[in-house]
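Sequences and hints are given; from them, build the entire structure.
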Amino acid sequence: MYKDTNCGEPREATVGSQVTVAGWVHRRRDHGNLIFIDLRDRSGLLQVVFNPEYGEKAHDLAGSLRSEWVVQITGKVVSRLPGAENPDLPTGMVELSATDLVVLNRSLTPPFEIVDDSEVDANTRLKYRFIDLRRPRMQEILKLRHKVTHIMWDYLTEKEFTQVETPILIKSTPEGARDYVVPSRVHPGDFYALPQSPQQLKQLLMVSGVERYFQIARCFRDEDLRADRQPEHTQLDFEMSFVHQDDVMAVVEELYMKIANETRPDAKIPATFPRLTYAEAMERFGSDKPDLRFGMELTTITETAASSDARVFQAVASSGGSIRGFVATGCGNYGRRQTDNLTEFAKSSGAQGLVFIALDESAPSIDALEEDHIKSPLKKFLSLDVIKKIATEMGAEPGDLMLIVAGTEKLANTVLSNLRGEMAKRLDLADPNEFSFVWVYDFPLFEWEEELNKFEPAHHVFSSPKAEHMDYLESDPGKVIGTLWDLVCNGSEMGSGSIRIHDKDLQTRLFNIIGYTEDQINDRFGQLLTAFTYGAPPHGGMGLGLDRLVAILAGESAIREVIAFPKTQSAYDPLFEAPSPIEDQQLEELHVRIVMPKT
RNA sequence: GGUCCCGUGGUGUAGUGGUCUAACACGCCUCCCUGUCAAGGAGGAGAUCGUCAGUUCAAAUCUGAUCGGGAUCGCCA
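The first sequence: position 166 = 166 (my numbering), numbered continuously.
Source of the hints: derived by calculation from the structure; they are not laboratory data. Just to be clear, a hint being listed does not mean it is correct.
In silico BS3-like pairs for lysine-lysine, Cα to Cα no more than 25 Å straight-line [what the hints assert, rightly or not]:
{"id": "1", "residue 1": "K479", "residue 2": "K289"}
{"id": "2", "residue 1": "K466", "residue 2": "K454"}
{"id": "3", "residue 1": "K347", "residue 2": "K425"}
{"id": "4", "residue 1": "K375", "residue 2": "K388"}
{"id": "5", "residue 1": "K466", "residue 2": "K410"}
{"id": "6", "residue 1": "K567", "residue 2": "K147"}
{"id": "7", "residue 1": "K143", "residue 2": "K567"}
FRET-style restraints, in silico, Cβ to Cβ [to be verified]:
{"id": "8", "residue 1": "V70", "residue 2": "E456", "range": "51 to 57 Å"}
{"id": "9", "residue 1": "H244", "residue 2": "D309", "range": "51 to 57 Å"}
{"id": "10", "residue 1": "A267", "residue 2": "V70", "range": "32 to 38 Å"}
{"id": "11", "residue 1": "A177", "residue 2": "K268", "range": "30 to 36 Å"}
In this text, all values refer to a predicted model and were calculated from it rather than measured experimentally. We put the beta carbon where it would ideally sit given N, CA and C, even for glycine.
Encoded structure:
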């Protein structure tokens, strides 16, 4: 070894010992005859002092050191001079008095500083990701991610799960997300696809009698990127045989509790994860992934609003729409600019407009509201009585701002849940140190796709309908609830699970409802259906996003920050400069011809 | 595919029609310095302001296009 001690280790207890350390020159403070170096390795920082009295050659050489040079230093751990201690460093009571210095490698001046608080352009960071990852913060995240997966392995092993790897080169199944495809050299004209998830494979493993499978699996989707979406992401994928919904949830709940407690002991975590039905989540929060860290729940006021003289409300109500809203507590004093801003926000989420009713805090009570206490663009059309009634229904008090959206139920929900999140951000209501896990269950199995004029699976086609809904699978698919649930935390979807179908006939019925032809079914799912005819056990499981989990634990909003080598928003890797053209010979071998898009 | 924000020495920012021959901080280079820890002091180098076109007597600054980054809608079973 080039070192016998890590930089972060020396303490007062080790004073007097002779040690050799190795690492990167983090900073140099040259006083001429006395030179200080902060030496950095994965364990932390150690101050090294070069004094010609103790090592003349080392001192001479130390004068030429520069940032990020890699060095090996031998010396004695000594107490710092009284008054020269640095309480900000764990090793701050001591320093290394250097006697020998070896330069193991030099470094160019790095393109940016290796410190946590510099906000460097994303492109530069990714181009020099190997330097970016030297930042203590990034090292911390890499270790956090490792710790999370380690706990997963340990916990699931203890629960008698078997880890099984599944192929990366598999088959394209064109529904759902766009596939990444790989041309086959051996089969001209044919392509593999990278898996969007190991869904069918893990179900096949259940048929194989594995009973408890897990994998920390890479999943690929060729869709546009977002802060929380990369072309490849990692899932904790698992599946269990002979289980019901509660059995699956119990595993995840215990595991995630353990992960959160062990990695973030400082954070607030619910003792058990609350459960909401999909219908309740939509009703109370307008979203199937509600953030439960704050209130501002939604209220439906369709009838009361429609009883006013406001034509917007009347029109929406009579066309079967919904008028809903929530109370932004203490925002009754919002001025024109702020309300305009919120209207703008609502419109960007698809709303026609935003109706607000501001109640001045000088009003003694809702009952005693007077015209002067009210500000609203619809004031002319809303009688005092109607406003009082709306305020009472919504639970508003003087000094509050009521935000109301009218439209189809779906639109009102989308807009209001976005607006609710936005208000929480503005009012700083969401505690970043709280992990508000919640189960959302009883999802509908199908969604009506307006544009395609047909039903599509709300999650995926393998989820089992509730037994009591089997009868109207064909007659009214929209009403069918699946044994299908999500794990949600702080307003983002952390994973999705279900009890699967294990019966060929039922699975075929589901395929028929969403309009697959027999050929399509056989081509894409033949292997699964065949397997089902050879004694498939009842089974269920989940796929849980690892990147999003680590991001939430790390307090990061973009999963890019918790992936060692991520891609930019245009799915480009500035470090490797991927994707890139390949040699003509490679194309030839793969039987692929390039056709550039017309510009 | 749409919308919005950003692009100025190595890094982060300021400058929004002439005063820009482009400012500041950090970093970098040289020298001085034995107790610093974001060391200090003195001096120095480094940018045709993402690119292209246009408007103008005059463009970092205005307009258009384009490229790149980011946010978001569509998309993401």
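For each hint, the structure was consulted:
| no. | hint | verdict |
| --- | --- | --- |
| 1 | K479 x K289 | holds (20 Å) |
| 2 | K466 x K454 | holds (21 Å) |
| 3 | K347 x K425 | holds (18 Å) |
| 4 | K375 x K388 | holds (13 Å) |
| 5 | K466 x K410 | holds (24 Å) |
| 6 | K567 x K147 | holds (23 Å) |
| 7 | K143 x K567 | holds (20 Å) |
| 8 | V70 x E456: 51 to 57 Å | holds (55 Å) |
| 9 | H244 x D309: 51 to 57 Å | holds (53 Å) |
| 10 | A267 x V70: 32 to 38 Å | holds (37 Å) |
| 11 | A177 x K268: 30 to 36 Å | holds (34 Å) |
Hint compliance for this structure: every hint is met.
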